[in-house]
Amino acid sequence: MKNQRSGLVYSAPITLWLTLLFVAPTLIVIVYSFLKKGIYGGVEWIFSVEGYNFFSSSYFLKVVWNTVEISVVATVITVLTAVPVALYIATSKYKNFLLFLIIIPFWTNFLIRIYSWIALLGNNGLLNNILIKLGLEPHQFIYNKFAVILVSVYAYLPYAILPLYSAIEKFDFAIIDAARDLGASKIKAYIKIFLPNIKPGIITATLFTFIPALGSYAIPKLVGGNDSQMLGNIIARELTITRNWPKAAAISTILTIITVIFILVLSKYDKGHKGGEI
Amino acid sequence: MNKKKFSLNMFILTLVFLYLPLVVLIVQSFNSGKGVGWDGFSLKWYDELFNHSARLWKSFRYSILIALTSSLISTAIGTLGAISLQWYSFKHKKYLQVISYLPLVLPDIIMGVSLLILFTSIKFKLGLVTIFLAHTTFNIPFVLFIVLSRLHDFDYSIVEAAYDLGATQKQALTKVILPNLMPGIISGLLMSITLSLDDFVITFFVAGPGSSTLPLHIYSMIKFGVSPIINALSVILIAGTIALAMSTKKIQKYMVS
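Residue numbers (the UniProt record's numbering), protein chains in the order written: chain A, 1 to 278; chain B, 1 to 257.
It is possible that some hints are incorrect.
Stretch by stretch, here's where chain A covers chain B in the computed footprint (C-beta under 8 Å, at least three residues) [stated by the list, open to error]:
1. 6 to 19
2. 80 to 93
3. 110 to 121
4. 217 to 223
Taking lysine-lysine pairs in the DSS-like style, the calculated list, with each CA pair at most 30 Å apart, reads [stated by the list, open to error]:
5. LYS44/B <-> LYS133/A
6. LYS34/B <-> LYS145/A
7. LYS221/A <-> LYS125/B
8. LYS199/A <-> LYS5/B
9. LYS36/A <-> LYS125/B
10. LYS4/B <-> LYS199/A
None of these hints come from the bench; they were simulated from the model.
This one's a predicted model, so the numbers in the text were calculated from it and none came from an experiment.
Heads up, the beta-carbon is just placed ideally off N, CA and C, and yes, glycines get one too.
Next comes chain A alone, as it looks inside the complex (with noise of 0.2 Å):
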């Protein structure tokens, strides 16, 4: 019964759909990539590289530093924060309900999350005010890179949290006992022991940190400033304000290729474990 035609049957929407308005549009991106920029928006079917020649942009290349600076940093702090607190909740008694806990600022609305920063960090914001009243000079905490990296964390914790959850409540506890029965110090077998196998949440919280960081655009578009647009920011300005389609496609295949690349990179350590685990 398991015919390759109901495999066709039950593949074919899917297959159209994915293929119409994920493959094509992507392929599209890169041809624009290597088109002539319009003169009011749009392309000029003439082949050129000019959307690449960004490299020679000093603004261009401190970007690409802001974004790789910005998402290492978050998804370092996020993975390292989110380890004990996914073990703490996997040994607790009472793991659902922490668990809820944890979820519970994840389902709440991205841009409402990104607008409690700026109530509480703004200028305006609780704190400067508490400092008004205490006395003190109030301080700009946010439009920089300090508040984009915090927001992000913020914004992804609970991503790093979930998969790093499921894999150490699969891990053994008795195996870390048994190490310690054989003379490892506890460090020890936490180090050799418990982080070796639940490298596939590790790997995951830190795909689900690091690829919306690296295409990050609200959040530095609205806690950031000057200093700390990302490669986002640039694509936005450069598909609605410049309007110079071919270099916004241009880094978009740039940053499409990155990601490929980063995946590919972290899917070789990763052996065994089929990725995307929700």
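Given chain A, put chain B in place with the hints provided.
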């Protein structure tokens, strides 16, 4: 024991970190003043929200409409796709595996940009239809993977038994496979409703003038002068989320797993 203590401390710190900004919003929503300083208790921002924010409610209705339609379509398409990948072989199987995995791992903005360029280059008018198409597209892979993970534990012999007893292909699907797969399908549906209601970046690119969803509306409120109405709106949204999550253990179970 110090390992446990360390992780407990990290857990408490994380909870404070996650909830402090939300608590500030909740308290501020009852502040009668426009600023942050406390000017006394008032429900006036809730009054503004419910009685004087017509455009906000319009974008809210659009959000619900898009979330419901796109999640239903993507659940149907994704579920069939998962069944095909789990049980059948066909020529383009490898291709389907790659194209259904990639949207999950590429940054949102890539899909937003490419869909905008696609729609514009074929002169397709931006608006609710393009938002619906975009949301369905990013939801399909999530549904596919959720349903696929349930199918791993699915006992195919009950389908074979149905065929042996004379079931047609269609009967096997509607009377045996789908009912048994329902928990996975509902998880996928809830996940896509949530993702659709939450999406900002992709919608930002494919929404035409006059077709903003709630996240787009909130974005413009934040960007063009913060209004305390957002505080009240946030409280309603957070309360709604918690109420929905608590209302039924089942929903909670589906969302967590």
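Evaluated hints:
Residues of the segment 6 to 19 of chain B with a Cβ under 8 Å from some Cβ of chain A number 10, which satisfies the need for three, so the listed coverage holds. Check on the segment 80 to 93 of chain B: 12 of its residues sit with their Cβ under 8 Å from a Cβ of chain A, so the three-residue criterion for coverage holds. Counting residues of the segment 110 to 121 of chain B whose CB lies closer than 8 Å to any CB of chain A gives 10, which reaches the minimum of 3, so the coverage claim holds. Check result for the segment 217 to 223 of chain B against chain A: holds, 4 residues qualifying (beta carbon to beta carbon below 8 Å, three or more required).
Between LYS44/B and LYS133/A, the direct Cα distance comes to roughly 25 Å. Compliance with the 30 Å bound is thereby established for this hinted pair. For a cut-off of 30 Å, the pair hint linking LYS34/B to LYS145/A stands: about 28 Å separates their Cα positions. Simply put, LYS221/A and LYS125/B have alpha-carbon atoms about 27 Å apart, close enough for the 30 Å limit, and the pair holds. About 23 Å separates the Cα atoms of LYS199/A and LYS5/B, which keeps this hinted pair within 30 Å; it holds.
Under the criterion of a C-alpha separation no larger than 30 Å, the hint pairing LYS36/A with LYS125/B is consistent with the structure, at around 24 Å. For the given pair, LYS4/B sits about 20 Å from LYS199/A by alpha-carbon distance, which is consistent with the 30 Å threshold.
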